[in-house]
Structures are given as C-alpha cells and as structure tokens.
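There are 2 protein chains.
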Amino acid sequence: WPKDVGILALEVYFPAQYVEQEELERYDGVEAGKYTRGLGQQQMGFCAAHEDINSLCLTVVQRLVERGRLSWDAIGRLEVGTETVIDKSKAVKTVLMQLFHDSGNTDVEGIDTTNACYGGTASLFNAAAWVESSAWDGRYAVVVCGDIAVYATGNARPTGGAGAIAMLVGPNAPLVLERGLRGTHMEHAYDFYKPDLASEYPVVDGQLSIQCYLRALDRCYAVYRRKAESQWQQAGIQRPFTLDDFKFIIFHTPFCKLVQKSVGRLLLNDFLATPNPDTATGLYKGLQPFRGVKLEDTYTSKEVEKAFQAASQEIFNQKTKPSLLLSSRNGNMYTPSMYGCLASLLAQSSAQDLAGSRIGAFSYGSGLAASMFSLRVSQDAAPGSPLDKLVSSLADLPGRLDARKRVAPQDFAEIMKRREETHHLANHAPHGSQADLFPGTWYLTRVDAKYRREYARKPI
Amino acid sequence: WPKDVGILALEVYFPAQYVEQEELERYDGVEAGKYTRGLGQQQMGFCAAHEDINSLCLTVVQRLVERGRLSWDAIGRLEVGTETVIDKSKAVKTVLMQLFHDSGNTDVEGIDTTNACYGGTASLFNAAAWVESSAWDGRYAVVVCGDIAVYATGNARPTGGAGAIAMLVGPNAPLVLERGLRGTHMEHAYDFYKPDLASEYPVVDGQLSIQCYLRALDRCYAVYRRKAESQWQQAGIQRPFTLDDFKFIIFHTPFCKLVQKSVGRLLLNDFLATPNPDTATGLYKGLQPFRGVKLEDTYTSKEVEKAFQAASQEIFNQKTKPSLLLSSRNGNMYTPSMYGCLASLLAQSSAQDLAGSRIGAFSYGSGLAASMFSLRVSQDAAPGSPLDKLVSSLADLPGRLDARKRVAPQDFAEIMKRREETHHLANHAPHGSQADLFPGTWYLTRVDAKYRREYARKPI
Numbered sequence: 004w005p006k007d008v009g010i011l012a013l014e015v016y017f018p019a020q021y022v023e024q025e026e027l028e029r030y031d032g033v034e035a036g037k038y039t040r041g042l043g044q045q046q047m048g049f050c051a052a053h054e055d056i057n058s059l060c061l062t063v064v065q066r067l068v069e070r071g072r073l074s075w076d077a078i079g080r081l082e083v084g085t086e087t088v089i090d091k092s093k094a095v096k097t098v099l100m101q102l103f104h105d106s107g108n109t110d111v112e113g114i115d116t117t118n119a120c121y122g123g124t125a126s127l128f129n130a131a132a133w134v135e136s137s138a139w140d141g142r143y144a145v146v147v148c149g150d151i152a153v154y155a156t157g158n159a160r161p162t163g164g165a166g167a168i169a170m171l172v173g174p175n176a177p178l179v180l181e182r183g184l185r186g187t188h189m190e191h192a193y194d195f196y197k198p199d200l201a202s203e204y205p206v207v208d209g210q211l212s213i214q215c216y217l218r219a220l221d222r223c224y225a226v227y228r229r230k231a232e233s234q235w236q237q238a239g240i241q242r243p244f245t246l247d248d249f250k251f252i253i254f255h256t257p258f259c260k261l262v263q264k265s266v267g268r269l270l271l272n273d274f275l276a277t278p279n280p281d282t283a284t285g286l287y288k289g290l291q292p293f294r295g296v297k298l299e300d301t302y303t304s305k306e307v308e309k310a311f312q313a314a315s316q317e318i319f320n321q322k323t324k325p326s327l328l329l330s331s332r333n334g335n336m337y338t339p340s341m342y343g344c345l346a347s348l349l350a351q352s353s354a355q356d357l358a359g360s361r362i363g364a365f366s367y368g369s370g371l372a373a374s375m376f377s378l379r380v381s382q383d384a385a386p387g388s389p390l391d392k393l394v395s396s397l398a399d400l401p402g403r404l405d406a407r408k409r410v411a412p413q414d415f416a417e418i419m420k421r422r423e424e425t426h427h428l429a430n431h432a433p434h435g436s437q438a439d440l441f442p443g444t445w446y447l448t449r450v451d452a453k454y455r456r457e458y459a460r461k462p463i
Numbered sequence: 004w005p006k007d008v009g010i011l012a013l014e015v016y017f018p019a020q021y022v023e024q025e026e027l028e029r030y031d032g033v034e035a036g037k038y039t040r041g042l043g044q045q046q047m048g049f050c051a052a053h054e055d056i057n058s059l060c061l062t063v064v065q066r067l068v069e070r071g072r073l074s075w076d077a078i079g080r081l082e083v084g085t086e087t088v089i090d091k092s093k094a095v096k097t098v099l100m101q102l103f104h105d106s107g108n109t110d111v112e113g114i115d116t117t118n119a120c121y122g123g124t125a126s127l128f129n130a131a132a133w134v135e136s137s138a139w140d141g142r143y144a145v146v147v148c149g150d151i152a153v154y155a156t157g158n159a160r161p162t163g164g165a166g167a168i169a170m171l172v173g174p175n176a177p178l179v180l181e182r183g184l185r186g187t188h189m190e191h192a193y194d195f196y197k198p199d200l201a202s203e204y205p206v207v208d209g210q211l212s213i214q215c216y217l218r219a220l221d222r223c224y225a226v227y228r229r230k231a232e233s234q235w236q237q238a239g240i241q242r243p244f245t246l247d248d249f250k251f252i253i254f255h256t257p258f259c260k261l262v263q264k265s266v267g268r269l270l271l272n273d274f275l276a277t278p279n280p281d282t283a284t285g286l287y288k289g290l291q292p293f294r295g296v297k298l299e300d301t302y303t304s305k306e307v308e309k310a311f312q313a314a315s316q317e318i319f320n321q322k323t324k325p326s327l328l329l330s331s332r333n334g335n336m337y338t339p340s341m342y343g344c345l346a347s348l349l350a351q352s353s354a355q356d357l358a359g360s361r362i363g364a365f366s367y368g369s370g371l372a373a374s375m376f377s378l379r380v381s382q383d384a385a386p387g388s389p390l391d392k393l394v395s396s397l398a399d400l401p402g403r404l405d406a407r408k409r410v411a412p413q414d415f416a417e418i419m420k421r422r423e424e425t426h427h428l429a430n431h432a433p434h435g436s437q438a439d440l441f442p443g444t445w446y447l448t449r450v451d452a453k454y455r456r457e458y459a460r461k462p463i
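Here the protein sequences line up with chains A and B, keeping their order.
First residue of the first sequence: 4, per the working numbering; consecutive thereafter.
First residue of the second sequence: 4, per the working numbering; consecutive thereafter.
None of these hints come from the bench; they were simulated from the model.
Among these hints, one or two may not hold up.
Derived pair list, reagent style PhoX-like, types lysine-lysine, alpha-carbon separation capped at 25 Å [what the hints assert, rightly or not]: (1) B:Lys-260 with B:Lys-305; (2) A:Lys-420 with B:Lys-250; (3) B:Lys-288 with B:Lys-305; (4) B:Lys-288 with B:Lys-37; (5) B:Lys-453 with B:Lys-37; (6) A:Lys-6 with B:Lys-6; (7) B:Lys-408 with B:Lys-392; (8) B:Lys-37 with B:Lys-408; (9) B:Lys-420 with A:Lys-453.
To give a feel for the contact side, a few chain B residues facing chain A, derived at Cβ under 8 Å [stated by the list, open to error]: (10) Val-111; (11) Met-189; (12) Tyr-454.
Sample of chain B residues lacking proximity to chain A, with all beta carbon distances greater than 10 Å (derived) [unchecked claim]: (13) Asp-31; (14) Gln-101; (15) Ile-114; (16) Leu-298.
Where is the CB? At the ideal position from N, CA and C, for every residue including glycine.
With the rest of the complex left out, here is chain A:
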C-alpha cells in the first residue's frame, strides 16, 4: 500500500448570506436562547433558488483545483456524497464532468453515494481504498460532500444550513487515515428520512434521531477502542484506549449542543469501561452514583447527560470546541458537516499544535449509518510542509464567514418560500441575484422544459 494515504487538501464553500439565530428566535416568537443557547447555534447560512446541489459542488471542485494549481488530468477518481437528491438517476458527479471537458480527461472513476449525512464519509473510505487497491493508477482522488439542509417552518428550521467541501485524497498526506482503526454501526431506523420526493423537506423524529446518534456513537466508539487496543496488544502494549488518546475529536454536527453532549457521552463510555475509577478526585469526581448504569438505559436520562457534560466540559473546550466554528456560524451542512469541523479545527490551530496529533472523527447519517475513525496529523510542521500548506489554505475561514451578508428573518422566510415553490419547476429561471454570491460561485441559470439544468459562474 502507498504510504500515508489521506487528505492532502481541503476546500470549503458556504453561501454568501446568512440569518442570525437570535433574530430568528424573535421572528419565530420562541423564547430567547432557544436556538442560541438551546441548540448552540449562532448563525445559519442558506441558498436562494439559484443555487442547487450541482452548483455547490461545481464551485467547490473548481476552487479546489484552481487554488491547488492542479491539472484536471491529475484526477483519476471523483465522487460525491450527498442527500440533496434532485434527480433519482443522474449523479451529481456526471454534472461535474463538465469541468473536465477541456482537458479531455473522462477516465475518472467514482459516482454518487447516499445515506443522509454519511455519504461523504462513505466516499472518503472508498477513495482511500481505491488508492490502496490494484485499480489505482497513481492519480489523485477527489471526494466532494455537499448539501442544502432546509426544513419546513417550525422547530427544526433553525437546524438548517448549506455548503460543500472537496477533499484531495492520495498518498503522503498531512492528514493520514489511520489503518485498521475504524468502528462502524449500521441499523434500520426511521429517525430522519426524505420519503416525500416532491419536497425538499425531511420527515424528522427529533428525539429518536438524537437517541440513534448517541447509540451509534456508543457502538462505534466500542468497536474503535477494541481495534485500537488490539493493535496495541500486538505491539506488546496492554492498556485501555481513552479520550486522552485523541488530541482532538470532531463530530457530525446537527447542532452544536448535541456535540457537547456527545463528548460527555464518550466520557461516560470511558468511565464505565474503567475497572476502578477514582471518583474522589480528578476527572470522575462525584460520578460514583452512575457506576452501575447501563449505556442502553441512559439515552433519555437528563441526569446522566448533565453529570457527564459537566465532567467533560474541559475536554470539550480543548478537544472539540475549536472545530465548531462553521457548524455554529453556518449551520448543519449534512454530508460536509464533520469535514467542516475538520476545516474549522485546522483554521484555528497552528501547524505546530496539530503536528503528530490524533484526531478522532465521528460521522453519522440517519437511517442509519455511522463510523468512528481517526486521522493522524503528520509530524512535519515546517514552513512549506504539506501540513503547513493545508493549514495556511484554511486561515481565511473566519474572515470569509465575516464577509457574508446578513439577511433579516422575514427576507429569509420569503426566500425559503420562493425556494419551496420553485425548486422543482421545469421551464423556469430561478429567482436569485448574482450580487448575493461570492466571486467564483457557480449558479443555476435555467431549467428547461425537459428539466435540463444550465449553470453559469460569477467571475472571480
């Protein structure tokens, strides 16, 4: 297998407009803090009707290739993970092949993968396996995740968001997928799904979905730990895996508050797995009453949640909080969500901080599919090193978020309504202004009578 297969470069796209969650609380007439403190959300990015899943992915892939000064010929695999399905048959990947047209490179494997927010992770695993397989021809793989997360008016609406992320995958990467360390949990569940194909909105059982998420987290962490401990045993090391072994932990983030609870949940897992935890002092202080609980009985226990969230506060602040920049200010992007956390972490850390660390990653897609895996950051943080380049390329992320346009809640609601009414019409020019896009953004110009979609790019 080639050495150090993983992520070489990472490109982020989010909409150029957002709504303030605090203003949304007032507009929706809910109690103050419901979206901000309750969900942990600050702002939410959104698209007007002239952006769709194809345009998002066109933008982010072109940006990845242009900023990385790559040749279109250098890509041998390209695949898309999305649940923003606007055609039941034609893959977004095929639309992206327009970008390759002038290069004449059409020998590009990979298509679309779908399961809620998990599609990007499935694509990343597939791309890495391709690089390690006999089918690899030495070229890069590109993994794209993109989604437009919109909800009907009501409780779930503030948990929306939109965006796309493209990753360059190959050997000698600064972020290496750790071999053999992967825990997966897959299960049949109706927690969040999209059976009404004519609508952009999902059917959601919010409480069930949180329970499914936490159960999947427990199961994935158990399998991950078992594999890590077994690797250590083979190397002659006999000790349990704990959260200490992750310097950072990133999560799929439906809303930031759930991620904070999830760190507490992982601590509960560590606590229950420790033979004789010290509950008199230190990390587990005062947790003795929870010694006998069973994981499967605690998914709805506010008591357990509160105790372990409090106990893990410092762990959360250190290992996870820096990764929530995009999630809190742009919202849930679905498939790109966890990779947005990765970008946020890189954007707010120095190469020196990151070098040599292990980043734990938990990816969840309702329905359900989930995996925990880890990225090992390269040791070399010298100026000009691959890690330094990757980190530097993301340094402008906070500035780019600041550069967005704030839209009032009533205008946001109006745009959502327009989107709802027109997002699937044939023979139609979608509503939306070029002025509301960042330079270099692709947008939908027309859907013809046969539903064929045409796009243009706003000049850089």
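Guided by the hints, dock chain B onto chain A, whose structure is given.
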C-alpha cells in the same frame, strides 16, 4: 493484495409474473415485430405495487446468504447500487440491516451508490478495492444491484423490467476481476434521467441515449485495450488487443438488439485499429469502403451499423448471445442488467467451457458513467470446485423463468396504472397478491402515515 479477488457467488431475483412482448405489440396496436424483432425482446417481468426496491433487495440478499449457508457475521461490507430511489436520504442498505439483526453484526460498511444503471458496477469496484485495502478485515463483501424499470405508456414501455442480483465478493474467487484492466468514460449528458421525483418514470431521449451508449463503448474499449497492450508490453509481448482476446462479452442491455449492434461496433473499433486489414477474405471481407470512417462520425450511420453487424454475426452468436437469456425474457433490470447477462452466460455454459476464459464486460449508466473491465474465470472446473459450485447454483435459471405466470397485456396495464397511482402514498396498504410471488419473496405490507415501510416474507 489478497489473491484472485472477485465474484464467489451470485444470486438472481426476478418477479414471478411477466407479459409476452408479442401480445404487448398487439395490445399496443403497433406493427408486429416492433418489440420482438426490433428490440430483440421476448418477455418482460414486472412487479405489482407490493414490491419495491427494498423488498427486492431483501429477497435477493437473504437468498444469497441462505443458499450459500453463510453466517451473517461473515459479511463485513454490504452496499447497494440502484436508481429506484424511494427515499432521497435513507439508503436501501440500512433497510437490509434488518436481516443482520439477530446476528448482532452491525459493523458492516458500505451504503448506496447511484448513477442510472451503473450503480452496481461502482459498488463492485468499491467492494473489490475494499478487499484489497488496509480496511479489509477478512470478511466477505456483498454487492447488491436492484431496480424496477417502468416507463409511461408509449414507445419505451416494452423496454422495462425488474429484478435484483446479489454478489459475494472476496479472494480466491472463480470469477476474478483482472487487475489494472479497466477503461472508464464519464460525461455530462441528459440522455435518460429522473428529474420528476414524484414519478417513477424517467425522461428519455432514446436516440441520444443510444449514441451516448455507443460513444462510451468506443471510449472504454480504447482505454481498456491501451491498458491491456501496455501490460503485455511489460511482459515483452507486442501485439494489438482484439475481440479474439475475449472468449465472451457481456453488456448492459437496455434491449437485446442494441447489444447485437454493440458487438458490431466493437468490430468496427478493431477494424479501424488494424494497420492493414485483409478485406478480401475472412472477418473483414467486403469492409474496404469503411476504411476511412471516423468513429465519431458514425453513431447514426445505418450503413456502418448494418455492415458491421453482419460481419460480427458469428462473434455475437458465440461470445454474447448466451448471455441474453434474462435480458430477453425478463427485460432491462437497470443496475442488475449486465450481472444478469453474467448469470445467463454461467447458467448456459459448462464449467469446462468457461474455465480459463476472459469475459469482457461493458457497464453503462445514462447521465453518463461507463466502464469496460474483464473477469478471468478460474482454471479449475473440477466437480466441487468454486467454479463448478457457482455454475451449478445458476443451472435452474431457465426453469425459474419458465415457472413464472403469464399475465395478459390488459391486466399488466391495469397493474401498472395501479402502481402509478399508489406507489408513493402514505398511510396505505399496497395492492398485490401473495399468490403472485415466488416462495421466499419479501413484499411490502404497509406504508404508515409517516411513510415508514413494513415488509413480510412469503414462506419458502
């Protein structure tokens, strides 16, 4: 990499009812022979409203595991290629996890892949790469392809079909995916797609789709040949690759007649690539007038098509015709189509005939994604060998086709109409009789008010 990664077992499911194409011609009031001679179709299988993509895949996976006496624990990867999307977010794969429930095995990677009829091939490539990658844990991969191909009344309706195929993938396989021999062509095209998400029916530009198919065939064959010749060169062999190097050739089969034309098309490719073809005698006899044609100018040339179809008749009869049993008698199954051709070929050949041969395979999905690759059949055809077991397991295919129930065209049209009206209703028990299913078939019993689907299995 593990030795001989490929297909170990293969399971086929098709509906227990069909309509005669000859009767359909009369019912539709078209000229006699339009569907039978014109398209090359004999019969068409179809599902009533109580079968959906989930039930098809449940049936074929359970059949694969039961007949192969596998343990549910022995499977470490399961993925589904389909374009029969009934939920934009939730993967069919997650529904299949119900089958694993009692085993407790939830650490099963892989989700759904989509691009028209190409999803099964993408899944097969992904599964093989997984077995060759560091992520492989020694367990089997299962690849499922399934689709329900239905068209609105009119010209395209007789090109429908339905079915599902499951493949067991791992090392030491009797059908080995030849390493490094793969030609891919991907392109943005609107030849066949499904933009009206509320409908089961596609939007089709039939003529464009045939041109796209043939162009993709040309491009994939060119890349495949180049890679084969380059492998030979490295081994010191200097000669061109021709159709002679495939003992059998299987194709994605929208309708059988297109496949016959495609064999002619491949011969045209060989002819144009030969420096000084003998046009006085033998295979190329009389083809001198076509010496100067360019591939890209001939997609609509009836003259070229006719000449090369005639010249390749014997090649077609030997290398391809036996693979069209399921395509002609059950119709186009979309993603499983090419794998149905593989099953048909195995069902109608002896292990001795197959042993050591190379099977060329062309997979096409509109939109478009296409690959040509090849399977090398193991040398060992002894009784009880993996090849013998695989071939024997498919011997009942013609008998199973004969055992189906013939339905009159007017009843078929009635069932299609019912399907159209009800296939996407919530709070609904679908129409269809258990009597019209083969034993061991899963079927949809209810869609509740929240669109959650429940299934039952007809006893074996």
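task = Please flag the earlier hints that this structure goes against, numbers listed from lowest up.
result = 2, 4, 5, 7, 14 and 15
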